[in-house]
Amino acid sequence: MDSQAIATLPEHGHAEHEHSPHLHHHFATEDQQREASNFGMWLFLLTEIMFFGGMFTAYLIYRNWYYPAFVAGSHWMKIWAGTLNTTVLICSSFTMAMAVYSAETRKRKALLRYLSLTLFLGFVFLGIKAYEWHNEWVEHHVPGLNFSINDFTHVDPRYPLDKPLAPDMAEKTQSYFSLYFLLTGVHALHMLVGVSILLFLIFNAWKGAYTTGHMTFIENFGLYWHFVDIIWIFLFPLLYLISRHQ
Amino acid sequence: MSTIISLPDQSTATLPKRSYLNSEYGLKSWLLTLDHKRIGILYLIVTLFFFCIGGTMAALIRLNLLTPGGELVAADTYNKLFSIHGIIMVFFFLVPIAPAVLGNFLIPLMIGAKDVAFPRLNLLSWYLFVTGGCFELYAIIWGGMDTGWTFTTPLSTHYVNTHVVSAALGIFVAGFSSILTGVNFIVTIHRLRAPGMTWFRMPLFIWSYYATSILFVLATPVIAITLVLIVLERVIGIGVFDPAKGGDPLLFQHLFWFYSHPAVYVMILPGMGVISEVVACFSRKRVFGYTAVAFSSVAIAVFSFFVWAHHMFIMGISNYSALVFSLMTMLVAVPSAIKIFNWSSTMYKGSITFDTPMLYSFSFIGLFTIGGMTGVMLASLGMDIHLTETYFVVAHFHYVMVGGMVSAVMAGLHFWWPKITGRMYPEPLGRLAAAILFIGFNLTFFPQFIVGYLGMPRRYHSYPPEFQVLNVLSTAGASVLAIGYLLPAVYLLWSMKYGKIAGANPWQAPGLEWQVQSPPLTENFPEPPVVDFEAYDFEWLANHTKSEVQTVG
Amino acid sequence: MSEPTHHAHTVVHPKVYAAVFGALLLFTALTVFASSLELGVFNAVVALAIAVIKATLVVLFFMHIRYSSKLLKLTICSGVFMFLVLITMTLTDYISRAWGLW
Amino acid sequence: MHYFISPVLWQFLVKWLAHFPLFPPEASSVAPYADALFFFLLFISALGSGIVILMVVSFSVLYHKERNPEATQIEGSTLLEATWTIIPLALFMIVFVWGALLYFRIYNPPTNAMNIYVVGKQWMWKAEHPGGQHEIDALHVPVGRPVRLTMISQDVFHSFSIPAFRVKREVIPGRYTTVWFTATKPGTYHLFCTQYCGTLHSQMIGWVYAMKPEDYQAWLAGSTSGSSLAQNGERLFASLGCNACHSGNPSSRGPNLAEAYGAKVQLANGSYTVVDDAFLRDSILNPSSHVTAGYAPIMPTYQGQVSEEGLIDLVEYIKTLHSNDRVQQTLNTSLVQNSGSTTGTGASAQGQAAAETPRMVNK
Ligand code: HEA
Ligand code: HEA
Ligand code: CUA
Ligand SMILES: [Cu+2]
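Residue numbers (my numbering), protein chains in the order written: chain Z, 1 to 246; chain H, 247 to 799; chain P, 800 to 901; chain Y, 902 to 1264.
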């Protein structure tokens, strides 16, 4: 995935920190430098929007085509897990925002605390996601690797009002699950990258970085983390919620 | 008031003692450099290497098509040849060469910055590009891929067993290099302009690179995800594009062309930037209608996002969609027309000289107009039915890409060669090469329009015998072309050591990059320049030189 | 500098963060609740509307766009716009295929 | 002349110059329309390029440095720029409208067109005439009669192109596409696959034989394979057990298929749709995607059990089905022959599909 691109951030951010005056030779002022890297980060996030855009397009098209299959597929999502994960991510976004605030107000302890909390929440999210994936594996809902349409050709006990899908439509639940794994997988990959960078950040913060007024890197990472949160904010209703009733 | 340094004129010029080329020595100083100029040169080396590969493939393609039976190579070898040719030429030569080489070298110099905004990211882009290139070389050496450069599904996902995965990953990785380059340029142009360098004082070159960067940032991610889907489909068999699993292969086309149409403008906009500079300099005139040209660059970039399905007119998209996309394609052609006319009128009442870059610009203007107008033919729905997937399309895109963009790259390379190396190329040979290229080009690709209208399909290893005459002409032209490319390769290399010393401003051009020594210092400007003149301000330049002479005298 | 440097930095007070945080949690609860209602097509509409609101909140406050320069605001808008172009222009092809014979 | 070059080369030259077409034959009713647009396009291209070249050349001469040592700086001219925005725009709009009209002409078959089915697969074209005549890499058509091709691919994208007719249409897997033409001149014309489709893409070629109607009739009579598509379809209809549900009896579980073709049916989701070839094919493969109103979605899918040719037979059969008498007759005979073969479940169907179409997937 974009790990290559994102993994570069530490290196790049690092650069801004090696030089003692923090100012790169080609920038006139620190403000200019900060604005530039902020702007650069936003442009990078634009590319991320388009990156997910392709997958969202696919999702919308196939949802239109194989509506019953998408409904049936999403009925196998665990809404409690999705809700929990949404909450976890929102909390982590909040702690991340607070981390940035702590860096701004130069409080090293608070910064460390909030970063660790964010890291922890990130792991919780990934854990829950892994649990869900494991379940889907056990239920034979992984297209291409381990898939069976059995669950969809029979009435789902939790949704007794549902009708079983005809076999041809049941096959199409693979489209749903393909996109489900694709979207959540790419999202989780972003989380993974985020978590790795967080580890690095915590290490640096522990050594005293970011609380001396030079916090561009942590700010930019915050943008990244919130962005990943936003993606999930859309994935959650699309994959778990909107078909709860049909 | 102006802090721009002016060096002695050409006749007495010597090579400056200190420059970005000799500030450090050794391979390591190049491979770890953060200097945008050196990174530009690194890109130049790699892209030219890929051009040789792509060119060799083209030579083999043309040789094979000498006879209708295609006796030279087997059918699947031929398919690999054009696939490699297309993939290499597009993703590893033409998309990177102009932005990454000329853009890297010139953008900071032109806007009066010391470097691009993120030098480390810039170096990383180069490494990503090289990594992507290695994937591609791996795929080529271990057997190649035969999907065409368009990776049409379900062919590429289920029906060929060549190295599609590594080829796709190579493009994926190289794509990130494009994205990062785009991000870097946009931030640089927004944030690092020298004091006084307002948007409308920027050279048009910068405008067109700005537009290109927008395309990089917004379009490239879409092909990245599309290639990921292709790889997943091959490796684990998810069915997003597979009709047998309820997927839609046309969705692939949509996503692919959402990138690849804007990508064709990535392959022309930088060239347009070069032409603006060259035409202005050798007419000694401000570009006619600066604002119109600047805005048409941006307009092309914006509109190019709305036209992608013109590559799918006969593929079963809805007819209503086809109408909309055809209409948008007509609209996107207008800004190009504006530019062509503005450049031509720039010459009006100019004071024109025919140096090599100018000759290449002429060939750009002529060939791009023909290529563009045939593009309009393709955009016309009913006409496209007959023309699509024939050699007419092949001729169209070679006219715009080779006749247009490669000419522009040649123009740019010659124009800034003295700035890059500090030495002049041999002018007579340069003019000769430009003429050979022009003739060879037309001989190669004009017959393809005819054979295309006759109906000869593209990507054919063998063809009906009545098309042979035209194909032989085309092959003959390709040999002329090969000479036309090898000649500059030889004399440019020669000139690096033996060329005349150029001096800071051999063309007496007004751009900021010409006001510093050549080759420039690592830090470009000893002190930050202050810009108090418009772009292409030849009167300013004249006054400036006069006062310089007076003070010296 | 040719462009007015934007006033460097607004430090957002934690109170704002907390309020946004609360709102986000509230909206999450709301969207889960709404999904349990029988609303027909409006289930999707409501869920997406809530998601858009949540995302906007995150962008405006957590990501400081509310306090940022016009340039950044424009950047984000152009990204969202292109995203919508990709989706709508592709979807209109699929939808309009049903209108005609072809 | 030939004293100077080798005799072999001389022969080649003579041969080439004797066969050196510069313009394709115009052999269909749309060809003149397409060519008219082409000439218009050529004209404006020549005009545009001519103006540009004229400007460049004349300015180069007039304002060469020697003649004009001092350039006159000019800002621009809004009027001029507006001119060369509006004129090309207007021309492009004409091109757009003209092209669109042609497009609709080529992709909008007249209702009285005769129908021929084409199946593309790596790397051959199979054409099937309603009378059951099959041909490979060839297509016989009568002159003067609109012919509609209903095409589908078994594997990858192909594209069916007859340059002399100026028509072309992508042939894609999973969906019928159509194109039509009226041949005007008897003759033999190239047939190409123009979409790159794998190794032998350049061998996926053939000939189109446009024949005088009486010749065509003779050809039809001479190359009949015994049974028409509809007859094949009828046999399939019985052997696949379709008649068990589509017997036409008021009590049958499936809708009555007689006179179904061309009718407007209401679907279970309330929308209306016209029953055409694509609808019929899709109803057999993905029945649950368009359940007819008033029926339970019990029809099994036949995905993987019927080849594209079989589907064409079935479609042709249903199209020609005007009453249910024959259905009921076949019911009686087929019940004896294959009782039990209709219970193919999804799983076994899949197995068959996998066995039928071996696909190469390789990492
Ligand atoms: C540098 C690359 C480049 C550029 C700039 C263009 C520019 C254009 N292209 Fe091209 N195109 C390609 C590269 C490019 N193309 C490639 C690679 C393919 C094939 C891909 C594949 O299938 O492998 C392709 C294919 C392609 C197709 C699909 C053909 C098919 O497969 O069926 C179409 C159809 O609309 C098209 C249209 C256009 C148009 C309208 C323009 C316009 O932007 C052109 C605008 C320019 C002008 C119009 C000229 C200037 C005008 C004047 C001077 C005015 C003249 C005056 C008067 C009219 C009075 N192109
Ligand atoms: C930037 C893009 C670019 C460039 C520069 C070129 C350059 C050339 N191209 Fe290519 N071409 C494409 C992009 C490009 N092409 C694309 C995208 C396709 C479609 C692929 C597909 O269908 O998937 C294509 C397809 C294509 C075809 C159609 C194949 C087919 O459909 O069957 C042909 C046929 O003539 C062709 C010919 C040429 C020729 C003669 C050149 C000449 O201009 C090249 C001239 C150069 C040389 C002759 C090399 C010079 C020699 C050297 C630099 C030294 C070499 C070194 C050693 C051997 C030591 N190209
Ligand atoms: Cu079939 Cu090419
Ligand atoms: Cu295009």
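Among the clues, some could well be false.
[Stated by the list, open to error] Pairs of lysine to aspartate or glutamate residues, derived as DMTMM-like cross-links and limited to a Cα-Cα distance of at most 20 Å, are as follows:
| hint | chain 1 | residue 1 | chain 2 | residue 2 |
| --- | --- | --- | --- | --- |
| 1 | H | Lys595 | H | Asp783 |
| 2 | H | Lys743 | H | Glu270 |
| 3 | Y | Lys966 | Y | Glu982 |
| 4 | Y | Lys966 | H | Glu785 |
| 5 | Z | Lys129 | P | Glu837 |
| 6 | Y | Lys1022 | Y | Glu1210 |
| 7 | P | Lys814 | Z | Glu104 |
| 8 | P | Lys872 | Z | Asp31 |
| 9 | Y | Lys1022 | H | Asp783 |
| 10 | H | Lys595 | Y | Glu976 |
| 11 | H | Lys743 | H | Glu673 |
| 12 | H | Lys595 | Y | Asp1038 |
| 13 | Y | Lys916 | Y | Glu927 |
| 14 | Z | Lys163 | P | Glu837 |
| 15 | P | Lys869 | Z | Asp151 |
| 16 | Y | Lys966 | H | Glu673 |
| 17 | H | Lys595 | Y | Glu967 |
| 18 | Y | Lys916 | H | Glu712 |
| 19 | Y | Lys916 | Y | Asp936 |
| 20 | H | Lys491 | Y | Asp1183 |
| 21 | H | Lys595 | Y | Glu971 |
| 22 | Y | Lys1165 | Y | Asp1183 |
| 23 | H | Lys491 | Z | Asp151 |
| 24 | H | Lys595 | H | Asp322 |
| 25 | Y | Lys966 | H | Asp783 |
[Stated by the list, open to error] From the structure, some residues in chain Z lie toward chain H, with a derived Cβ separation under 10 Å:
| hint | residue |
| --- | --- |
| 26 | Ile49 |
| 27 | Gly54 |
| 28 | Val186 |
Just so you know, these hints were derived from the structure itself, not from any lab. No residue lacks a Cβ here, since even glycine has one placed at the ideal position from N, Cα and C.
Now for the hints, and whether the structure bears them out:
{"no.": "1", "hint": "H/Lys595 to H/Asp783", "in the structure": "15 Å, holds"}
{"no.": "2", "hint": "H/Lys743 to H/Glu270", "in the structure": "18 Å, holds"}
{"no.": "3", "hint": "Y/Lys966 to Y/Glu982", "in the structure": "26 Å, violated"}
{"no.": "4", "hint": "Y/Lys966 to H/Glu785", "in the structure": "16 Å, holds"}
{"no.": "5", "hint": "Z/Lys129 to P/Glu837", "in the structure": "28 Å, violated"}
{"no.": "6", "hint": "Y/Lys1022 to Y/Glu1210", "in the structure": "11 Å, holds"}
{"no.": "7", "hint": "P/Lys814 to Z/Glu104", "in the structure": "15 Å, holds"}
{"no.": "8", "hint": "P/Lys872 to Z/Asp31", "in the structure": "18 Å, holds"}
{"no.": "9", "hint": "Y/Lys1022 to H/Asp783", "in the structure": "63 Å, violated"}
{"no.": "10", "hint": "H/Lys595 to Y/Glu976", "in the structure": "12 Å, holds"}
{"no.": "11", "hint": "H/Lys743 to H/Glu673", "in the structure": "15 Å, holds"}
{"no.": "12", "hint": "H/Lys595 to Y/Asp1038", "in the structure": "62 Å, violated"}
{"no.": "13", "hint": "Y/Lys916 to Y/Glu927", "in the structure": "24 Å, violated"}
{"no.": "14", "hint": "Z/Lys163 to P/Glu837", "in the structure": "17 Å, holds"}
{"no.": "15", "hint": "P/Lys869 to Z/Asp151", "in the structure": "52 Å, violated"}
{"no.": "16", "hint": "Y/Lys966 to H/Glu673", "in the structure": "17 Å, holds"}
{"no.": "17", "hint": "H/Lys595 to Y/Glu967", "in the structure": "12 Å, holds"}
{"no.": "18", "hint": "Y/Lys916 to H/Glu712", "in the structure": "10 Å, holds"}
{"no.": "19", "hint": "Y/Lys916 to Y/Asp936", "in the structure": "28 Å, violated"}
{"no.": "20", "hint": "H/Lys491 to Y/Asp1183", "in the structure": "14 Å, holds"}
{"no.": "21", "hint": "H/Lys595 to Y/Glu971", "in the structure": "9 Å, holds"}
{"no.": "22", "hint": "Y/Lys1165 to Y/Asp1183", "in the structure": "16 Å, holds"}
{"no.": "23", "hint": "H/Lys491 to Z/Asp151", "in the structure": "18 Å, holds"}
{"no.": "24", "hint": "H/Lys595 to H/Asp322", "in the structure": "55 Å, violated"}
{"no.": "25", "hint": "Y/Lys966 to H/Asp783", "in the structure": "18 Å, holds"}
{"no.": "26", "hint": "Ile49", "in the structure": "8 Å, holds"}
{"no.": "27", "hint": "Gly54", "in the structure": "4 Å, holds"}
{"no.": "28", "hint": "Val186", "in the structure": "8 Å, holds"}
The structure fails hints 3, 5, 9, 12, 13, 15, 19 and 24 (numbered hints given earlier, in ascending order).
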